[in-house]
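Got chain A sorted already, so can you dock chain B onto it with the hints?
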Amino acid sequence: MSKLTSDYLHALAKDPKATPPPNLDPETAEVVQTVVAAEKAVNPAPETELKGRVWRQVRLRLQAEALPEAEKSFAPVSPATRRWQLGLIAAMVIVMLGVAAMFLLIAQTELGRKVPAELQTGVVQSLDYELIYPNSTLLKFDPVKGFPPVNPASAVVNPKRYALAVEANLQDILAYYRAKLQKDGYSGFEDNKPLNYYYNFNSFEEGLTAYKDGEMVVITLYESKQNMFTSQPRLYNLFKQLQPKQSLILVAQGQTPKVEIPDLNYPGATVFSQDRIKKPKHPPPFDRYEEVTIKANYIALSTADDYLKVADYYRQKFNSADFGFPRDSQSQIENVVYLVAMKNGSVATLAIYAGSSSKSDSNTQTTIIITSGLSGLYNATPMRPMQDGKYTSAVWSPSGKYLAHVLENQVILWDSYGISLFTTITDFSEPITKIVWSPDSKLLAIAAGNSVKIWDMDTKTILRDGKYPGGVQSIAWSPFGGSTLAVAVENPSNANQAAQALPKETSLKITTLPFLGDIKALHWSPDGKFLATEQDDKVEIWDSDTKKLNQFPKIKGGKNSVAWAVMEQKQALAVQVDESRIQIWTADSAGTIGSNQAVLKEAGIAQFRWSPDGTLVAIAESDNSVSIWEPLKFRRLVSTKGHISPIADMAWSPDGESFVTVALDRTARLWSKDGKLLKTLDQHATPVLRVAWSPDGRAFATFDANNNIYLWQANGTFIIKLNWGFSREPGKADWSPNNVLTLVEKDGSITKWDGQGRSLGTLYW
Amino acid sequence: MDTKTFRAEENPFTESELLAQAQSNPDYFAEIYELYFGRIYAYCARRVGTPEEAEDLTSLIFTRAWAAVAKYRGGSVAAWLFKIAHNCVVNHLRNRKSFGSSEHLALISADDNILAELEDQEKRAIVAKLIAKLPDDQRELLALSVAGQLSSKEIGVVLGKGEGAVRMALHRIIKGLRQAYHRIDEGKQ
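Chains A and B, in that order, are what the protein sequence lines are. Just so you know, we're using the numbering used here here: the first sequence kicks off at -18 and counts up by one. Just so you know, we're using the numbering used here here: the second sequence kicks off at 280 and counts up by one.
Extracted from the complex, chain A is given alone in its bound form (with noise of 0.2 Å):
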């Protein structure tokens, strides 16, 4: 009886419409049902989110947990299969191989290794504010560079920095410095944990906050050993400075900055009692939003008015002033709407529930719990800009499958489901200016200072590490033809050295170009036979040979003044020559130069975009008015007026059957390729500069002066307004191939949507 019933309950528990056994009595059938139903109906369903987040942990604590076991031995185990035992070999030599990576590691990081003493710089006497703990000493530090990216500690207004070193364990440097704050007349102490709770399951971070008259200190605290491994490369430096039980401490003093949210009492709602108020508890992925890290204000209200009511109300309030949403989501099941607005790092968090959370209030419908403050997003420190290029500090690989991310000196790599590759590109002394994938997505080239090199994905290895004394100015794989990357360097006598000191190898081919002048870019022809190079006043044209084959003087100051496109099967260069000419320079697949060289003539040219198919070219003119030419017959189609301001960017759709333009006009507006108005798109409320589709055509998105990101369907239907708040430059975020919009923001984070607006995440460095 019992293998009976106990089957029954395991086949249960597989498939809910198991049918019982034969020989079971239909009661304890029954009770077999209604117990694994019970115990169903209790679980869960897992938020879609869950599986990555939960797979981006396992990581994080794997690293942070120091050597994970799996890599410090290797058991080999009984094989199964002959197959089986030859993959056991070829794991043995990766793991080998792992472990000799890791020792170099470990030798880089002096991991274990006592510090040189002379690293510290001594004991520190004074400083304008005393907040030197005690008996620890100064070290070494970039100010600008030195503090992890998400920490309140980077938003403090001209901050004085500083790091010391101390034997002490955490807790009691915290309740030291509690002390000495609260006695020089500090108050409003906040603990900062962690942003990311990823970090939170081991408290080896710790820190506080602390405000006095305008004026606010950030200490942040590190236990050094357990963070060796962490992700916080900023840190790397200091880490690096302390000796073994030594912990960190990060002191940032400065003035509080202004923290922007509107009047956030709803009319006519009970305020809770103090008592009442805490810190909501938001699910995932709304909790990140939580961190409010500066000036945090806690509110609970109830009202008699319906909760859809009030979330329409506090959409308007933060709408009109010109807060984003990055987040807005309503849970039917629970009755809840959450609501997170930005602006320029000013956070408001809010959870409006249906019903009270009194009994004893009958007339309460709905209560509201507010957090605002700043959030622990937010970050002063500007980033880099890289030197050319839209794509300017995240680069997706042709195949969507890994991202390419420049924070400072180096590159961090991710795969597109936003988990972290642990693998970061280090060693470069100089800014890094540009990083290009190869178009099969298995090499990186990255440019820095006179030095370029190339990363295998597949060895995780530099292949390639090649040094041009005069500067590197600008690089640029070919898109067939093998792998040859094109590099533009600054000195030419120094070119065919250069390209010697990189190995010949067949499968990779470098090809310096020996001239003069600073190459603004480089733009190989779709088929990979051609190379156009792009200066100021001119556009030169070679061969994969490096053979000069003509040359066009270029606007001056052109923005996408060059461009290739495949006409009737040609490779066919545009090049803006002046204010109101563009020319046309085509070849055939055999090489074989065209004859006729077509010019495009327009009163003012402003800038101007292929058709997909190269059938069509669109010119914005600088009488804000549109044409349409039909480069093959020297003929304009149609010339259109919409816009009443300059025409800032245009975008053919993927397909090539609309495009759209926008405009400091503050509008957006979508044409059909023989010059139709469709659309006017006048949601932004600022001049809009900037249009991408989506790769797959069903969206675009439009970029404002006030960092609003627009989503619009295909047809111009308007999807959602996105607000990151922070970055002023809407070249940060792009598409990805995969149809996933990326930005970029200045606190080192990446932040993910989908087509259709949804969020897919945030990642972290």
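Mixed in with the good hints there might be a few duds.
[Stated by the list, open to error] With a straight-line Cα cutoff of 16 Å, these simulated EDC-like cross-link-like pairs (lysine to aspartate or glutamate) come out: (1) A:Lys519 / A:Asp499; (2) A:Lys551 / A:Glu611; (3) A:Lys733 / A:Asp396; (4) A:Lys551 / A:Asp569; (5) A:Lys654 / A:Glu638; (6) A:Lys654 / A:Glu611; (7) A:Lys540 / A:Asp518; (8) A:Lys529 / A:Asp559; (9) A:Lys702 / A:Asp677; (10) A:Lys32 / B:Glu331; (11) A:Lys32 / B:Glu442; (12) A:Lys537 / A:Asp499; (13) A:Lys582 / A:Glu549; (14) B:Lys454 / A:Glu11; (15) A:Lys702 / A:Asp303; (16) A:Lys657 / A:Glu638; (17) A:Lys537 / A:Asp569; (18) A:Lys32 / B:Asp416; (19) A:Lys501 / A:Asp526; (20) B:Lys402 / A:Glu8; (21) A:Lys614 / A:Glu549; (22) A:Lys32 / B:Glu332; (23) B:Lys454 / A:Asp6; (24) A:Lys660 / A:Asp677; (25) A:Lys423 / A:Asp437; (26) A:Lys582 / A:Asp559; (27) A:Lys537 / A:Glu549; (28) A:Lys(-16) / B:Glu442; (29) A:Lys582 / A:Asp604; (30) B:Lys402 / A:Glu11; (31) B:Lys454 / A:Glu8; (32) A:Lys161 / A:Glu111; (33) B:Lys454 / A:Asp(-12); (34) B:Lys432 / A:Asp604.
[What the hints assert, rightly or not] Pair by pair, the computed Cβ-Cβ distance ranges are: (35) B:Gly354 / A:Pro115: 49 to 59 Å; (36) A:Asp439 / B:Gly441: 46 to 56 Å; (37) A:Lys448 / B:Val369: 50 to 60 Å.
[What the hints assert, rightly or not] If the Cβ cut is set under 10 Å, some of the chain A residues that face chain B in the computed set are: (38) Lys(-16); (39) Leu(-10); (40) Lys(-5).
Simulated from the structure, these hints should not be mistaken for laboratory data. Virtual Cβ for every residue (Gly too), placed ideally from N, Cα, C.
Here is chain B on its own, set in the frame of chain A:
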């Protein structure tokens, strides 16, 4: 009990081969994670009550499992993984300071009024309350069976008991619940 993975067309390995491969290549551990995430999370959620704790425990369990991959010596992957899970959950419950009613449990009881409207659901609600009153080892057994979807043999490996003992224990739980339910039902009538 070595089942082929549901992604057999992509991955020809059995689960234990996957785990063995994971000793050298983390990608294979990702496959194990993919296969077991739902069951491990459901088991944790059933045992600890709040989604936050369940999430935290799930990540801890997979971290421990990953770190212990080299110690895997063949046999049922489910049993191996749930043994780690069981230990993590037991430790967690032991260390947890208070067992105060969580929001999640409050939600269930709030639903009771609605459940009462239908007989079946009422039955389920009563049984759920009876389960909640069971001793911890019996609730663990049910969680491993239903949320964890383990067989009696696998549960035996996890708990260090024989398969027969597990079957008998499950049978007794069902029998006990059946009697307790009857008492309540008769009391009502």
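Now the hints, each set against the structure:
1. Proximity of lysine 519 (chain A) to aspartate 499 (chain A) is assessed by CA-CA distance (about 10 Å); at most 16 Å being required, the pair is judged to hold.
2. Taking the CA atoms of lysine 551 (chain A) and glutamate 611 (chain A), the gap is about 15 Å. The hint holds against a cut of 16 Å.
3. The suggested pairing of lysine 733 (chain A) with aspartate 396 (chain A) holds, with an alpha-carbon distance near 13 Å, which does not exceed 16 Å.
4. At roughly 5 Å between alpha-carbon atoms, lysine 551 (chain A) and aspartate 569 (chain A) fall within 16 Å of each other, so this suggested pair holds.
5. Distance hint between lysine 654 (chain A) and glutamate 638 (chain A) is fulfilled; the C-alpha atoms sit about 5 Å from each other, no more than 16 Å.
6. Of the pairs offered as hints, the one joining lysine 654 (chain A) and glutamate 611 (chain A) holds, with about 11 Å between alpha carbons and a cut-off of 16 Å not exceeded.
7. Simply put, lysine 540 (chain A) and aspartate 518 (chain A) have alpha-carbon atoms about 12 Å apart, close enough for the 16 Å limit, and the pair holds.
8. Only pairs whose Cα atoms come within 16 Å are accepted, and lysine 529 (chain A) paired with aspartate 559 (chain A) is rejected, the gap being roughly 22 Å.
9. A hinted pair counts as satisfied when its Cα atoms are at most 16 Å apart, and lysine 702 (chain A) with aspartate 677 (chain A) does not qualify at roughly 20 Å.
10. Distance restraint check for lysine 32 (chain A) and glutamate 331 (chain B): the Cα-Cα separation of roughly 13 Å lies within the 16 Å cut-off, and the hinted pair is therefore satisfied.
11. Of the pairs offered as hints, the one joining lysine 32 (chain A) and glutamate 442 (chain B) is violated, with about 32 Å between alpha carbons and a cut-off of 16 Å exceeded.
12. This hinted pair checks out: lysine 537 (chain A) and aspartate 499 (chain A) have alpha carbons roughly 13 Å apart, not beyond 16 Å.
13. For the given pair, lysine 582 (chain A) sits about 21 Å from glutamate 549 (chain A) by alpha-carbon distance, which is inconsistent with the 16 Å threshold.
14. Simply put, lysine 454 (chain B) and glutamate 11 (chain A) have alpha-carbon atoms about 11 Å apart, close enough for the 16 Å limit, and the pair holds.
15. For the hint linking lysine 702 (chain A) to aspartate 303 (chain A), the alpha-carbon distance of about 11 Å falls within 16 Å, and the restraint holds.
16. With a C-alpha separation of about 11 Å, the suggested pair lysine 657 (chain A) and glutamate 638 (chain A) falls inside the 16 Å cut-off, and the hint holds.
17. Straight-line distance between C-alpha atoms of lysine 537 (chain A) and aspartate 569 (chain A) comes to about 29 Å, which puts the hinted pair past the 16 Å bound.
18. Only pairs whose Cα atoms come within 16 Å are accepted, and lysine 32 (chain A) paired with aspartate 416 (chain B) is rejected, the gap being roughly 28 Å.
19. Our distance criterion of 16 Å between C-alpha atoms is broken by lysine 501 (chain A) and aspartate 526 (chain A), whose separation comes to about 21 Å.
20. Only pairs whose Cα atoms come within 16 Å are accepted, and lysine 402 (chain B) paired with glutamate 8 (chain A) is accepted, the gap being roughly 13 Å.
21. Pair hint lysine 614 (chain A) plus glutamate 549 (chain A) holds up; C-alpha atoms about 12 Å apart against a cutoff of 16 Å.
22. Between lysine 32 (chain A) and glutamate 332 (chain B), the direct Cα distance comes to roughly 15 Å. Compliance with the 16 Å bound is thereby established for this hinted pair.
23. With a C-alpha separation of about 12 Å, the suggested pairing of lysine 454 (chain B) with aspartate 6 (chain A) holds against the 16 Å cut-off.
24. Straight-line distance between C-alpha atoms of lysine 660 (chain A) and aspartate 677 (chain A) comes to about 20 Å, which puts the hinted pair past the 16 Å bound.
25. The hinted pair formed by lysine 423 (chain A) and aspartate 437 (chain A) meets the criterion: a straight-line CA distance of about 6 Å does not exceed 16 Å.
26. Restraint check for lysine 582 (chain A) and aspartate 559 (chain A): the C-alpha separation of about 10 Å stays at or below 16 Å, so the hint holds.
27. Taking the CA atoms of lysine 537 (chain A) and glutamate 549 (chain A), the gap is near 29 Å; set against the 16 Å cutoff, the hint is violated.
28. Pair hint lysine -16 (chain A) plus glutamate 442 (chain B) holds up; C-alpha atoms about 10 Å apart against a cutoff of 16 Å.
29. Simply put, lysine 582 (chain A) and aspartate 604 (chain A) have alpha-carbon atoms about 15 Å apart, close enough for the 16 Å limit, and the pair holds.
30. Between the alpha carbons of lysine 402 (chain B) and glutamate 11 (chain A) the distance comes to roughly 10 Å, so the proposed pair stays at or under 16 Å and holds.
31. Straight-line distance between C-alpha atoms of lysine 454 (chain B) and glutamate 8 (chain A) comes to about 10 Å, which keeps the hinted pair within the 16 Å bound.
32. Distance hint between lysine 161 (chain A) and glutamate 111 (chain A) is fulfilled; the C-alpha atoms sit about 10 Å from each other, no more than 16 Å.
33. Only pairs whose Cα atoms come within 16 Å are accepted, and lysine 454 (chain B) paired with aspartate -12 (chain A) is accepted, the gap being roughly 15 Å.
34. With a C-alpha separation of about 80 Å, the suggested pairing of lysine 432 (chain B) with aspartate 604 (chain A) is violated against the 16 Å cut-off.
35. The hinted window of 49 to 59 Å between glycine 354 (chain B) and proline 115 (chain A) holds, with their beta carbons roughly 56 Å apart.
36. About 49 Å separates the C-beta atoms of aspartate 439 (chain A) and glycine 441 (chain B), a value consistent with the hinted range of 46 to 56 Å.
37. In this structure the hint that lysine 448 (chain A) and valine 369 (chain B) lie 50 to 60 Å apart at CB holds, the actual value being about 58 Å.
38. The criterion of a C-beta within 10 Å of any C-beta in chain B is met by lysine -16 (chain A), whose closest approach is roughly 6 Å, and the hint holds.
39. Among the interface hints, the one on leucine -10 (chain A) holds; its C-beta lies about 6 Å from the nearest C-beta in chain B, closer than the 10 Å criterion.
40. Against a cut-off of 10 Å between C-beta atoms, the interface hint on lysine -5 (chain A) holds, since the closest Cβ of chain B lies about 5 Å away.
Comparing the model with each earlier hint shows violations of hints 8, 9, 11, 13, 17, 18, 19, 24, 27, 34; every other hint is respected.
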